[in-house]
Amino acid sequence: MSILGTRVLRTEDPKFLTTGGVYTEDVVDERLGGAYHVTFVRSPIAHARITSVDVSAALEAPGVVAVITGADLAELPAIPPAAAGLINPAMEQRLLATDKVRYVGDAVAAVVTEHPYQGEDAVELVQVDYDPLPAVLGYDPEDSSLLFEAAGTNVGGYWGDPSQLKADLFDGCEVVVSHTIVNQRVAPAPMETRAAAAVWADNGRLTAWIPNQGAQGTKAEMATRLGVEASQIRIITPDVGGAFGAKFGADPEHVVVAWIARHLGRPARWTETRYENLIAMTHGRAQQHTVTIGGSRDGNVQAYRLEIVQDAGAYPRIGAVLPMLTILMTTGPYDIPKAEAIAKVVVTNTTPIGAYRGAGRPEATAALERAIDLFATEIGVDPADVRRKNLLAPFTEPHRTAFGALYDTGDYVVALDKALAAADYPALRKEQAERRASGSVRQLGIGVASYVEITGMGDGEGTPPEENATVEVHPDGTATILTGTSPHGQGHATAWAMLASDELGIPVEKITLKWGDTDLIPEGGGTGGSRSLQQGGAAVQQAAQELIEVAKQRAAAELEASAADLVFDKTRSAFNVAGDPEASVPLTQLAENERLVIRTVFSQPGATFPFGTHVAVTEVDTETGKVTLQRVITVDDAGVVLNPLLAEGQRHGGIGQGAAQAFLEEVVYDADGNPLTASFADYPIVSATEVPSYELADMATPTSYNPLGAKGIGEAGSIGSTPAVQNSVIDAVAHLGVRHIDMPVSSRRVWEAIRAAQQEHGPRAGSEHS
Amino acid sequence: MIPAQFEYVAAQSPAHAIELLTEHGDDAKLLAGGHSLLPMMKLRLAQPEVLIDIGELDELAGVTADGDDLVVGATTRHAALAASELVRAEAPLLAYAAAQVGDPQIRHRGTIGGSLSHADPAADLPMALVALGGSVVIEGPRGSRTLAADDFFEGYFETALQPDELLTAVRVPRRPGVPWGYQKFVRRANDWAIVGVAALDGRIALANMGPTPLRATAAEEALAAGASAAEAAARAADGTSPGEDIHADREYRRHLARVLTRRALQHETG
Amino acid sequence: MTRIELTVNGEKRSDDVEPRLLLVHYLRDVLGLRAANVGCDTTSCGACTVLLDGKSVKSCTVLAVQAAGHEVVTAEGLSSGGQLHPVQAAFRQEHGLQCGFCTPGMVMAAVGLLSENPHPTEEQVRTGLEGNLCRCTGYHNIVRAVLAAADASSGGGDQPGRNPASAEVTA
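In order, the protein sequences belong to chains L, D and H.
The numbering of the first sequence is our numbering, which starts it at 1 and goes up by one.
The numbering of the second sequence is our numbering, which starts it at 771 and goes up by one.
The numbering of the third sequence is our numbering, which starts it at 1041 and goes up by one.
Keep in mind the hints are simulated off the structure, nothing from the lab.
The C-beta atom is built at its ideal place from N, Cα and C for all residues, glycine as well.
It is possible that part of the hints are untrue.
[As the list claims (entries may be wrong)] Computed spacing ranges between beta-carbons, pair by pair:
1) 926(D) to 164(L): 48 to 58 Å
2) 1021(D) to 380(L): 29 to 39 Å
3) 1120(H) to 6(L): 53 to 63 Å
4) 517(L) to 1052(H): 35 to 45 Å
5) 1163(H) to 762(L): 35 to 45 Å
6) 201(L) to 1194(H): 40 to 50 Å
7) 911(D) to 145(L): 56 to 66 Å
8) 433(L) to 1021(D): 27 to 37 Å
Generate the whole structure from the sequences, applying the supplied hints.
This is how it looks when you write it as structure tokens:
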């Protein structure tokens, strides 16, 4: 009986549950003895010239060893914007701001102290004089106040060419609906904030502990920023307390901490506060969408246009590139004959935007699913029926979309119907109708969202996505796996052990996974974009299989038999001559004289495309606008499931975050660019009381792209749930004339929408529209 | 994240606490549960030079009956108040309000005296005390005084307490069996109220509709004149001065005050 | 500096501390008990939750000096003899943790919750954990874990008033 596909409990857990994970701040290492602590001085103003920085008072404070400013780092190059060819190259960032600050939280100086408490005391004594400039905010920022004078504009660049949009795209459509909607800025807010610990050896080599999503990428970026050879850097990845896309590479702070350690000849450590995390860790989403959808009155969608404005924040980082992925997924799982999409990237005096669970793809789905619902409402057809009518027919051969995405396998209508059946959709509509007829204060809303998403996409440089794994069997009966992935809660230690165990016949508990140490594993793609199982896991399986082949040769010599006559018995983890179980040799014995270790690279033809449908049920108190999320029912088909326990956990987490964006979370700035949601008291990160238990339906359409049949599951939950929840709240008050409410669909927004609809249409009772 | 430095003294008795307050005046703050004060100090919004810890003074904790009143010691924790059989029987609105404060961990530490002295207009206990028509007992170098809740809250995070005074107890009228209602409108479960309403026996108190907990006097007058709950509630926002923030503007707050007052007058909790 | 004496995980401790030293930093940096984590600045997230005289508290909002004369139990002190505490075992069984950062605090909050309400409903579990934030799990399995621990402590079987958190639906 194979262990694959079973609910193996995590081997990681006993440690996490008893002594706790060892996160970067927890790391105790003799190399870090006597470490100094770094505390950053950050701009309290969104846009200003720095006229002076006076550190003299801070230098006198107890325990202060040094105060570093941008001037001290002049030798280090500025950070170019992401996609510097496409994005205006003048939009670069200094490690510590020198002439200008461009967002509240922009780091201006770093105070170095013996004890962290002293750092908090001393930062207050650093005197920075700011000459304020008008703050640039919103999706249509004026060029009267420029973030980057040398750029001459606050438009960073375009994805696609606006002049190529076809004026006649919607010709022939009986119905055309257009709306501008916002996919609001949210904060990834992992429970572990960012941190670093750095020390330079006498030989000039840096060892840095940094919570990250791929040590190899972090190392490369650190090398570039510090101006050293990559070989001079070792990145060690401690336990990471969540990342959600915001811990890739190296942030300016990581570089500054490492620089300080070299400059002062002592180890240096840093852990950001939650306030810093909420204003200086990259934010997510922040796209405005103008959607136009057209089709026939009986429900065929014939044309769709998506015009995106990406607010990249103050410095264009990954967020400036994500619209490319949004555009790639423009038409989602639907068969839409004519579609086009473009994106404009703007800079504003706000926190830079980075990747956040789904990274560009939730945005595409959210826009499309709102458009589908707007179309459905306009023509008076049930939104589930409109979807069913327009979803692509099932395919097992790859299907290429007009936007260049090559979907591997898909069966979208089945996913839709499965989700609707699991939700008992007709019963929900019946209850909704009853409540509408009775004019109940508490109305019911049902929201549907179908999606397809891209996972494991590789680096887009034309090379097929790949990952490496090394598997070693030891004489003592244990095994070690080295992976290029970088788990931060996903459970790779257990999952990769399952894959190796299934090939080697060694129990999961005896298999150890290592990752995230660039001296041990120089190459790797990390964990993000839901790539790890399909590429990293497949690599582990492949390495174990190759190891068995090598071991078989040794066994043949050992047993003085021909390799062709040997079988590997997984239940005993031993080779024996076929038909003669006594003539056997254990696998581990074959590691005694010579190391039994294989490194392999698994390469996949391309990205894979998981898909699904989410159904959300919300109750809206029409007197107060209060939204209560009652049910979320999902189908998330990511192919063959290796460990249902882990897969469900990923779906739950994604659903929680996705739902939270729909009705709860939002980063808010005032008109001067001051963040108003810079603590967990103000930023409403979802808690257990706002969400229900989720209802997961199973569906697994394998991919042929890897032997596991697996696609990526990590982000799917956050892609389907956001529009499902948003649509459900709007649906709850649609009979009152409400057509759209932007996210987060807070009680205030619902109440205002109801009021606006009543003013426009007059008070309505009972059911009228669908 | 870390408070500024301060001196710490553990008071040996309430009298000792008053001596210390007299000695240090404005430089000192009392520490009981610390769950109003310490969060402010960690953000450096408060930087007292001296903290006088009264959290260990058992004589300041506990609930007793005294004639027509319940007497609640100032350092009684919210969790203890919420669980007190006596309070649940005789002043259930108070027990319910205490159970709404923050989350379980906060309720294990926070005290009624601390919460009332902190005087956050969005908080549960100040509103509850006003609805109950309770009073606070204050001790100081000039002797003892009792102040009605209506007179205790003076402004935004300001009370009638002088720097050298100690709130030692809270008195609450015993009203067993009298119907009451309580509404706390929040975005997330352990948030402060966007708007709160507590109603008991013709008294209606509002949270977060002004710089202090307010009486909805127009609504109370309407009730007294025989109006229905709905009619009276329509006047709930009269005379209030709600603020604007990320949760709500003035108009939404006024609307919520009316809806929630109607529900509270119908003896609903939520 | 102030001298404090207290009991932590059953052991007597005596240390000189700055008055402003937070209990969470005392536990982590002075005693080396690093399971409790600091996750926020506003007493919101509960990652620092420990038991103080048997009651769950947020150790970031307790001064070490306030704990003098009292008993503190941290996640490290829950298990004994290499055996997981029933709540810890339930978290493992139900996959109630992913990155683990919120977990020690969540477990301590759950222990506190169950000590006061041994047979909570699902709703009571969710409200009982309103002071603990998790970004990874969506709370679903955490709730299952606490309900499972409640069941286990009573010898199993359905309890009145307990609504099982739904799991898979096959359709």
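Verification of the supplied hints:
1. Between residue 926(D) and residue 164(L) the C-beta distance comes to about 56 Å, which sits within the given range of 48 to 58 Å.
2. At about 33 Å, the CB distance of residue 1021(D) to residue 380(L) agrees with the hint of 29 to 39 Å.
3. Distance hint for residue 1120(H) and residue 6(L): a CB-CB separation of about 30 Å, inconsistent with the stated range 53 to 63 Å.
4. Evaluation of the 35 to 45 Å hint for residue 517(L) and residue 1052(H) yields a pass: the beta carbon distance comes to about 39 Å.
5. At roughly 38 Å, the beta carbons of residue 1163(H) and residue 762(L) sit within the given window of 35 to 45 Å.
6. Taken as a hint, the range 40 to 50 Å is violated for the pair residue 201(L) and residue 1194(H), whose Cβ atoms sit roughly 57 Å apart.
7. Distance hint check for residue 911(D) and residue 145(L): the Cβ-Cβ separation is about 57 Å, which falls inside the suggested range of 56 to 66 Å.
8. In this structure the supplied range 27 to 37 Å holds for residue 433(L) paired with residue 1021(D), their Cβ-Cβ distance being about 32 Å.
When the structure is compared with the earlier hints, violations turn up for hints 3 and 6 and for no others.
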